[in-house]
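Knowing the structure of chain F, use the given hints to seat chains D and W on it.
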Amino acid sequence: MDNKKNSLTVKDCINIGVFAALYIVIFFVTSFIGYIPIMMAILGVACAVTCGIPLMLFFSKSHVFGMVSIMGAIMGIFMILMGRPWYCIFVALAAGVAADCVLKNGNYKSINKAVIASGVFSLWMMGMEVPLYFGARDTFIESIKEGYGEAYAEVIVKITPNWMFYATIVLTFVGGILGGLLGKAVLKKHFKKAGMA
Amino acid sequence: MIDINEVSYTYHVTDAEGNDVYRNVLKDFSLKINKGELVVLTGGSGCGKTTIIRLINGLIPNYFDGELKGEVTVAGMIVNKQPVYETAAKVGTVFQNPKNQFFNVDTTSELAFAAENRGTEPEEIIKRIDKVCDRMDLLDLMDRSMFNLSGGEKQRIACASIAVTDPDVVVLDEPTSNLDDKGINDLREILKRWKRQGKTIVIAEHRLYFLKELADKVYVLDDGKVAKELSGKEFDSLSLEETALLKIRAVDDSFKKKFGDEELSALLKTKGAIDVKDLDFKYSDGVHGIKISDMALPKNSLIAIVGNNGRGKSTFARCLCGLNKKAKGKVDFEGKEISINKMTDRCFMVMQDVNHQLFTESVKDEIMLSIDSKDEETCEKKAKEAMEVLDISSLSELHPMSLSGGQKQRVAIACAIASDKDIIILDEPTSGLDYYHMIEVAEVLKKLVKLGKTVVVITHDTELIDECAQCVVKLKKYLI
Amino acid sequence: MDVSIQTFKTSGERALLDPRTSIFAIVVIGVVMVGGSLTGIEYVLRVISCMIPAALLYAVKKYKVATIYFLIMLFIMIIEGTAVQSTVGALNLLFVILSGVVSRFIPQFMMGYCFMCYTKVSEFVVSMERMHVPSVITIPLSVMFRFFPTIAEENRCVIEAMKMRRTGTKKPSLLQKMEYELVPVMMQTVRISDELSQAAMTKGMGLNRKRSHICKVGFRAIDYLMLILLGTILVLFIIY
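Residue numbers (our numbering), protein chains in the order written: chain F, 1 to 197; chain D, 1001 to 1480; chain W, 2001 to 2240.
Bound conformation, chain F alone (with noise of 0.2 Å):
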């Protein structure tokens, strides 16, 4: 719908509550249903495929700059409620502002652009994989070693070499890609056909 007005509206405001608390549940359902703490590198691609579906539509319902970095900082907020690190808002907010970016860059009403924003909103899940690379990878093995046991640890350092943080990503924007293409086939399918998008 285009607005005359190019700020946010207090419509816009419920709409990305709304929204949000769509997306959360779809992705609390997704995760509990794949969840093995093992699976942790590939949940996010799982997640964004599901997620992808009202994040579309969501996209759909957003017309001017803001709407989308807001929703990342919610998924921030919200990561660090569950008791993930700090960092995770920063990227979330950062996934969000990329993706609002991309948006902007369509005139938020290139639907091929939503796909390829839905790809990069998904990555506001990647705060949570950081630990498991990087500088902090042998700290984070450690602190699984005790809290895990020798075990676990030796399975996630076997899955999770340095090179898979980069295929994670890779893989996890090709989930968001999949899931927005899911989500346009749907809106086509039925919002669009109900002429509600």
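Calculated from the structure, these hints are not laboratory results.
Where a beta carbon is used, it is the ideal one built from N, C-alpha and C, also for glycine.
Some hints here could point you the wrong way.
Pair ranges (Cβ atoms, derived) [to be verified]:
hint	chain 1	residue 1	chain 2	residue 2	range
1	W	R2156	D	K1474	20 to 30 Å
2	D	N1148	W	R2166	23 to 33 Å
3	W	R2166	D	K1477	27 to 37 Å
4	F	G195	W	R2156	19 to 29 Å
5	D	E1234	W	F2148	22 to 32 Å
6	W	L2074	D	T1378	56 to 66 Å
7	D	A1266	W	F2148	50 to 60 Å
8	D	R1023	F	G106	25 to 35 Å
9	W	T2067	F	V157	32 to 42 Å
10	W	I2078	D	N1148	16 to 26 Å
Footprint (simulated), chain W over chain F, 3 or more residues, beta carbon under 8 Å [what the hints assert, rightly or not]:
hint	region
11	47–57
12	103–112
13	164–177
Here is chains D and W on its own, set in the frame of chain F:
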């Protein structure tokens, strides 16, 4: 108080192909409402009454996209040239759907919400809430979760939250659509009080009987124009024939026909019975519930189930459909005894909010989904038949969600026919429907009986019952 | 009791804990439960942390949930204290994973549930404002609060409707099932969001307007007790 001066309005919407559509609703429309008047706007769906409400509370042009010409003045403010929150200080709005107009989860916060938005002093707000609570008898509703209130209770809270800010003008957009008898009575009392206080009230509504002896002026709208203007006295004395002629819902809500136990037993004798036995259900509070030792419903007839308590009626419907897992009991049906939890195979319920039960991308798919057969051809044939019965063949390829409320309901009924289930239950099928659509529903229900179905209608719509029911069962005595 | 006292003034109960205390509790419990080890003092800290939600649930009279949660966590903590310590290899891995799924995710989730149980939306908004969070963030967050139960309600209705349509011969695939469940809920979401926005606007809601509040938010004795407890846990956790 309210002056709508030569206003034209055109909505901008997007259609299924993504094209912009311009839908003109009002053209050079003028209306003057004096201070302290209670004005009723009525007429068929799409006649423009909701648009007028939106003009008064400022949602047009601030929320809806469209083209506005002319000027709307309310209490000296030019409403269409200021933000909604300025208008909100003088105009309170009650919406159609009680469950979606609350911002808070608990009732007390909701009462304070509007006043808080205006930055009123906390002590002042609390004082006002106390006063409203006393006057409107809300003690039992304070500090409760919105999710545990009935529709009527929610609407009372909605009205009370407006009373707390004490605006001069109150507008109501189909406030009774989702209310039962008791809720409507409560609303009537509230309207009476507001009128005494000298508030200016504008109601857009289909259902009219509860406005008897309250309305000062009634405008029957048609296609964005005033088709008939009635004074309060003229309105009060409208007979059933006259309202039918005007194509509006009845003002006189007494039954035309008489429904006694004789009709019921006569039907039972000729048609045979579906026996509901030992039905037992309790709400989570452990006290209230439904207990039926033996209830005989005549087969292949149109049964209206009435009762004051909206909650009890819908719960009964869910029990009978086998959707209520906690309910115990059995049903004697064609000589077989079926556990009530297995009734899902025999019953189809058309829910009050049909939006919940439409899943697919076209009407045809929707109907095919409920046909119990793998063979494509039989499916197609059955779907076609069902669509023909309900006269929706032309909608076959459309998305169910793009249809109007009445059409959606028909699709759901078509699914019921196609599913070959024997019992069809409808939960408040006419809530929020105008006269024309109410008559349509009645015709459809009669058709269902002709097809050999047993139709159970949960309703408190006296006009609908008059129009089509064969017998009436009162649920009151079964409720605990 | 005098009738006039029975009105809102006395019934306007405050939340058990200040929202800020509750949020801090969620964070601390999360940090300890996700990252803590299964030996030494960290194990003790984990046991204490995971029992905080149980105690709070008891305090707000959610006895059933509290008891179930308490028993499950007790069981898991015993496993982590004994079975995990005394096994090696694959068996150890199995125990770690099984108990980890519960202990590393459920407690902060339960704390969040507690928080939502006893905190009103308005209290939450006030405390966010006290922390100088702008309204473009507080409004979405408060809507989320309200919307979780709505999603549950809508979903229940859709599932019921689906049940009525289920036929013996046609089994929808997983993808179809997802579509049938998700799409109606999403449609309702759009509709509700629309109606909610209209209602909020006509009740005078605007961005960046100065609001007043009737609910009282502030730290009380119980908050300080809780903060001291949580602070101690956090400090000990970081030191060791």
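Handout entry: Numbers of unmet hints, in rising order
Key = Violated: hints 5, 10, 12, 13.
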